[in-house]
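Engineer: Listed below, chain by chain, are the residues.
Number of protein chains: 4
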Amino acid sequence: MSEEETTGIPGGEIRSFVERIQRLEEEKKTISDDIKDVYGEAKSRGFDVKILKKLISILKQDKNERDEQETLLDLYLNAYQGEQ
Amino acid sequence: MSEEETTGIPGGEIRSFVERIQRLEEEKKTISDDIKDVYGEAKSRGFDVKILKKLISILKQDKNERDEQETLLDLYLNAYQGEQ
Amino acid sequence: MSEEETTGIPGGEIRSFVERIQRLEEEKKTISDDIKDVYGEAKSRGFDVKILKKLISILKQDKNERDEQETLLDLYLNAYQGEQ
Amino acid sequence: MSEEETTGIPGGEIRSFVERIQRLEEEKKTISDDIKDVYGEAKSRGFDVKILKKLISILKQDKNERDEQETLLDLYLNAYQGEQ
DNA sequence: CACTGGAAAATGCCGC
DNA sequence: GCGGCATTTTCCAGTG
Chain A
0 MSEEETTGIP GGEIRSFVER IQRLEEEKKT ISDDIKDVYG EAKSRGFDVK
50 ILKKLISILK QDKNERDEQE TLLDLYLNAY QGEQ
Chain B
0 MSEEETTGIP GGEIRSFVER IQRLEEEKKT ISDDIKDVYG EAKSRGFDVK
50 ILKKLISILK QDKNERDEQE TLLDLYLNAY QGEQ
Chain C
0 MSEEETTGIP GGEIRSFVER IQRLEEEKKT ISDDIKDVYG EAKSRGFDVK
50 ILKKLISILK QDKNERDEQE TLLDLYLNAY QGEQ
Chain D
0 MSEEETTGIP GGEIRSFVER IQRLEEEKKT ISDDIKDVYG EAKSRGFDVK
50 ILKKLISILK QDKNERDEQE TLLDLYLNAY QGEQ
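Just so you know, the protein sequences line up as chains A, B, C and D, in that order.
Residues 0 to 83, numbered by numbering that gives the first Met the number 0, are exactly what the first sequence covers, in order.
Residues 0 to 83, numbered by numbering that gives the first Met the number 0, are exactly what the second sequence covers, in order.
Residues 0 to 83, numbered by numbering that gives the first Met the number 0, are exactly what the third sequence covers, in order.
Residues 0 to 83, numbered by numbering that gives the first Met the number 0, are exactly what the fourth sequence covers, in order.
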């Protein structure tokens, strides 16, 4: 009998999910490390990492906000059309 | 002997901290409930709560962003003065 | 003509709701900050904040359970009295 | 004159760092989304996502511990060989 | 009543 | 080792 038939637990499927996620998390970690490296490089080029981070976070917020406003507009439009 | 002398554990002080926090959390919960009530009232007046929430969250983001930019400006100023 | 009559949009009422909610959220934030302060104070008095939080959450659990049991008791009582 | 010579601010270099980081953060986000997708898929296959996450975090813990032990072993080995 | 999205809390991580 | 910051996890109301 196979493992699954024996235990009733689809171990192979779980293992497959686990491995896929572990692999993705590794990739994610690699990128996080890359980001750290870039900050380190910027620092060694004389930039203030704290300021750089703040700047990037503000740029990100700008983008988020534009997205949010689009969402709000969509909501308005839907509400309006819903009342027709 | 007092409890503390007996056990070596400053129970009174812990208790005091616990009670202060519990009291604050109750107040916080009261306010959360008040907020829910206001949304409920708005809804009963015909407003779309989802839109209202989104609107308020955008207004909050605007404020956060302004604050962040001030923070960035402060950082710039400090960095600049630091180099004098 | 009033703004509302002009635009057909009840801006004053929205604004009022928005402001009420913003005000409440500020109060809520103040209290959250107070809580953080108390934890900070406890920490500076030598307590382990993580453990303190666990303790408080357990006490809250207990309270919820007791409340539930009271609710249950009420239900039983009502059911019992309803059958008299 | 170049922008940098004009303003005294090395804008091109900053911009380059900002863009590199933004690009990496986008990649990171893509992977995070992929991970979410996999969890979603697992869920739709009947798995309990919360438990799956716990499992993966425990496996990661184990791996860290094993890594630490390897590091420790390396230290011992080096110390031992250093004394030869 | 399960699912989704969003708020709050907890945890972990990084640089100083 | 600590404080601040990002991420993760948990919780909860609303929705279909």
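These are computed hints drawn from the structure, not numbers from a lab.
Worth double-checking, as some hints may not be accurate.
The list treats identical chains as one, so a pair stands whether inside a single copy or across any two.
What the hints assert, rightly or not - The calculated DSSO-like cross-link candidates involving lysine-lysine, where the alpha carbons are at most 30 Å apart (straight line), are: (1) LYS27 / LYS59; (2) LYS35 / LYS59; (3) LYS27 / LYS42; (4) LYS52 / LYS35.
Engineer: If a hint holds in the structure, say so; if it does not, say that too.
Structural biologist: Status of the hints after comparison with the structure:
1. LYS27 / LYS59: Result: close both inside a copy and across copies, 19 Å intra and 14 Å inter.
2. LYS35 / LYS59: So LYS35 and LYS59 pass the 30 Å test inside a copy (18 Å) and across (21 Å) alike.
3. LYS27 / LYS42: both (23 Å within a copy, 22 Å between copies)
4. LYS52 / LYS35: Both ways: LYS52 and LYS35 sit 11 Å apart in one copy and 25 Å across, limit 30 Å.
Every hint, counting from the list given before, is met by this structure.
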